[in-house]
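J.: These protein sequence lines map, in sequence, to chains A and B. Counting from 1, one number per residue, gives the positions in the first sequence under our numbering. Counting from 1, one number per residue, gives the positions in the second sequence under our numbering.
Possibly wrong hints are sitting among the right ones.
Pair by pair, the computed Cβ-Cβ distance ranges are [unchecked claim]:
hint	chain 1	residue 1	chain 2	residue 2	range
1	B	Gly243	A	Asp99	43 to 51 Å
2	A	Asp126	B	Asn109	24 to 32 Å
3	A	Glu128	B	Gly81	45 to 53 Å
4	A	Asp99	B	Thr152	14 to 22 Å
5	A	Glu128	B	Gln146	48 to 56 Å
6	A	Val122	B	Thr117	26 to 34 Å
7	A	Gly8	B	Val34	37 to 45 Å
8	B	Glu55	A	Val12	24 to 32 Å
9	A	Arg79	B	Ser71	20 to 28 Å
10	B	Gly111	A	Val122	28 to 36 Å
11	B	Gly150	A	Gly8	32 to 40 Å
Please keep in mind that the hints were generated in silico from the structure rather than gathered at the bench. Where a beta carbon is used, it is the ideal one built from N, C-alpha and C, also for glycine.
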Amino acid sequence: MESLDDEGQWIVLMGVVVATGMFILAIIINQAPMVGQSTAEAVLEFPKNEIQDIRYHLAPIAQLDANTTGLIDKENKMRADMQALSMARNNAVMDFDIDRNTGFEDLFYQYNRLDIHYNNGVTTYDEEYSVPVRL
Amino acid sequence: MKRNWVKGMNDDGVSEAIGFILIFTIVVLGITIVTLYGYPLLQQSQIGSDERIMEQNMITLQNDLKILTLSNVPYRDTTMGISGGSIFVLDSNRTDADNHYFQVWYNNNTGAWVNETFSLGALRFISSQGQAAISVENGAVVKRYQDAEGSTMVADPRWFYDASEDALVLFFTEIEADDAMSGDGIANIQMSMLDPPEVVADVTGSQTIIIEYFPDNTFDYSTAWKNYLMGSTIVEGGFTPDGDNRYRSPNVSRLVIKKYTVKIERI
Numbered sequence: 001m002e003s004l005d006d007e008g009q010w011i012v013l014m015g016v017v018v019a020t021g022m023f024i025l026a027i028i029i030n031q032a033p034m035v036g037q038s039t040a041e042a043v044l045e046f047p048k049n050e051i052q053d054i055r056y057h058l059a060p061i062a063q064l065d066a067n068t069t070g071l072i073d074k075e076n077k078m079r080a081d082m083q084a085l086s087m088a089r090n091n092a093v094m095d096f097d098i099d100r101n102t103g104f105e106d107l108f109y110q111y112n113r114l115d116i117h118y119n120n121g122v123t124t125y126d127e128e129y130s131v132p133v134r135l
Numbered sequence: 001m002k003r004n005w006v007k008g009m010n011d012d013g014v015s016e017a018i019g020f021i022l023i024f025t026i027v028v029l030g031i032t033i034v035t036l037y038g039y040p041l042l043q044q045s046q047i048g049s050d051e052r053i054m055e056q057n058m059i060t061l062q063n064d065l066k067i068l069t070l071s072n073v074p075y076r077d078t079t080m081g082i083s084g085g086s087i088f089v090l091d092s093n094r095t096d097a098d099n100h101y102f103q104v105w106y107n108n109n110t111g112a113w114v115n116e117t118f119s120l121g122a123l124r125f126i127s128s129q130g131q132a133a134i135s136v137e138n139g140a141v142v143k144r145y146q147d148a149e150g151s152t153m154v155a156d157p158r159w160f161y162d163a164s165e166d167a168l169v170l171f172f173t174e175i176e177a178d179d180a181m182s183g184d185g186i187a188n189i190q191m192s193m194l195d196p197p198e199v200v201a202d203v204t205g206s207q208t209i210i211i212e213y214f215p216d217n218t219f220d221y222s223t224a225w226k227n228y229l230m231g232s233t234i235v236e237g238g239f240t241p242d243g244d245n246r247y248r249s250p251n252v253s254r255l256v257i258k259k260y261t262v263k264i265e266r267i
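This is chain B alone, in the form it adopts within the complex (with noise of 0.2 Å):
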């Protein structure tokens, strides 16, 4: 550096230490306020993060559990990173009041109205610092916030509906448990679908169908459920609704429904 920068300018002025003073009070500050609000903010996004990553976990989950539903593999294990909370399962067949599970009217062939109910049961994440409950139940991936309305739908199950051959395809998946788990850390699922599925119906002829859902007391996914139902993934024009939490489908010529039961054996 020059002695005087800009010629003629007198330097008598400038003091080492006072310079070094105020950039050290800058420094300071600094440190001050992203300690004092940066670093709240920070956590704030930790959370929000944990809930992206174990969304994307649940999204993991499900596709195993299509890999052993839809393709017919016995076993499976799915090892994942539990951030923020934890993970529980719920049997299907719990019959207090926090069960949730899916009913179906159809006709037979013989003509009668049949009336099918199929428990969900579910492999639930619960957020500890935010308030977030990700639910892989009946093969779809669902959100809600334990204390706001509403629920979105993460990932869509594959219940489909050929236009060609008027079809409408149902997959109801059961998740059993014999004891009540839970895990977070390192978790290590092993699901097992020993049972064959069961087609439940296979029916034609022209018909309408109901599907209501019952949601839980307090895990409720049911605006999720209506938004995939009455939204054009399923049927151009969606599901009519007809009730509460009641949807009728449109005329179709074949029905088929089938079952998975699938077996948490450890997490």
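Bound conformation, chain A alone (with noise of 0.2 Å):
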């Protein structure tokens, strides 16, 4: 072993030390497509257009005065529409409820709140509303 050179050792080392990075670079790239995928899903499955939907066709009805003639037949209707369109395009459970007594008022409106509730088996989702009547 006379003639050896061991200068170059460090070489040896860096090559352990790449090989070592790659495989463990290789192992979190194995991990990527599972969470891009999940989340990715996540953000698209989010039914906002949905939900928009549903509260711009409410709010109308919950504009309506207290003693409107029918009430109660008029959001009944309403309810079942909503509820039928909301299954048949979006799979969703839906169902509303108004309060037209919430004794939030400034100086021009009075707020009525509309309840929502919309579940499509992955986004259960619940809002309170104020709607604003003129007063």
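If you follow the hints, you should be able to join the two separate chains into one complex; please do so.
T.: In structure tokens, the structure reads:
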């Protein structure tokens, strides 16, 4: 072993370091597709537009005065229609509730409260929406 | 290197030839051991990783089916690499012993007891070296080993129960195909849903619903469905068993059953 030169041992060490690094990277990359897929799915599946649509269609009926003739009938018809539509188009269970005696009012408006319940199996969503009614 | 690296040590007996032979022997021995023991292990893990890759592929396929059915998109193409086996399509209209289906009993609005049958069909991957059979059936991904009892659910279908409305929503996905088709290598699976989804039932009124699963003779996924229905995924506490492969739901006040028919155009 007389003529052997061990000055270059750092090359071997670097080799080990790089190999370990690549091994760890490979493991991380292997995990990545699953994470990416489920995250993207969760973002894509939030039914933002569906909920906005429901709110848009329910707000007019929430603005009706408590003394409107046939109010209960109107609400029930609306409920049946909206439930059937939500199920047919978005596979969602929805229901709503309107409180016209919240007692919230300011100079120009009184506020009725519209409770929307929405559930499509992935997203369960409840919101309280204050509908302004001009006094 | 210094001539005598330990002072006073005599290196007359140091031979480069013997040193080389020793190191060469160690290297050859190492290669032999890896070939003898490591290679079969590597192959084993290759089968395992193929199955895992296919599991992910089947989840991708299930996601595409979800887009097709739940998001009302008419056509969908999925291209995937099939490794270590091949993928088959099973038509839901088969009437022989290999057919598997769900049966649901419920009360319709008139108070009469109704019984509906939903044939499922499936997209099924069968591993060529291992014994795994992974299926996409009824919007779920289920897996089993052919020589073993039992099965597991890899990805759930989208059945759900809304606690505040007491509403149970069941989706059934039937897979149809005109011909027997299979694919391996790179498979391009073309799916379509041209018939609108059918609302089989939308009934209100407090009632119990009975669901029964009739498994395929050779590909029995009943354990997977049992664990899914009796676990807490749908309802807190799960469904109650009511005989073999028969499950009773807790009292619900609204039941919705929707049926989708997906056609596999080509693989």
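J.: Each of the hints needs a verdict: does it hold here or not?
T.: To see whether the hints hold, each was checked on the structure:
| no. | hint | result |
| --- | --- | --- |
| 1 | Gly243/B <-> Asp99/A: 43 to 51 Å | holds, 46 Å |
| 2 | Asp126/A <-> Asn109/B: 24 to 32 Å | holds, 28 Å |
| 3 | Glu128/A <-> Gly81/B: 45 to 53 Å | holds, 49 Å |
| 4 | Asp99/A <-> Thr152/B: 14 to 22 Å | violated, 47 Å |
| 5 | Glu128/A <-> Gln146/B: 48 to 56 Å | holds, 54 Å |
| 6 | Val122/A <-> Thr117/B: 26 to 34 Å | holds, 28 Å |
| 7 | Gly8/A <-> Val34/B: 37 to 45 Å | violated, 27 Å |
| 8 | Glu55/B <-> Val12/A: 24 to 32 Å | violated, 40 Å |
| 9 | Arg79/A <-> Ser71/B: 20 to 28 Å | holds, 25 Å |
| 10 | Gly111/B <-> Val122/A: 28 to 36 Å | holds, 33 Å |
| 11 | Gly150/B <-> Gly8/A: 32 to 40 Å | violated, 57 Å |
Hints 4, 7, 8, 11 from the earlier list are contradicted by this structure; the remaining hints agree with it.
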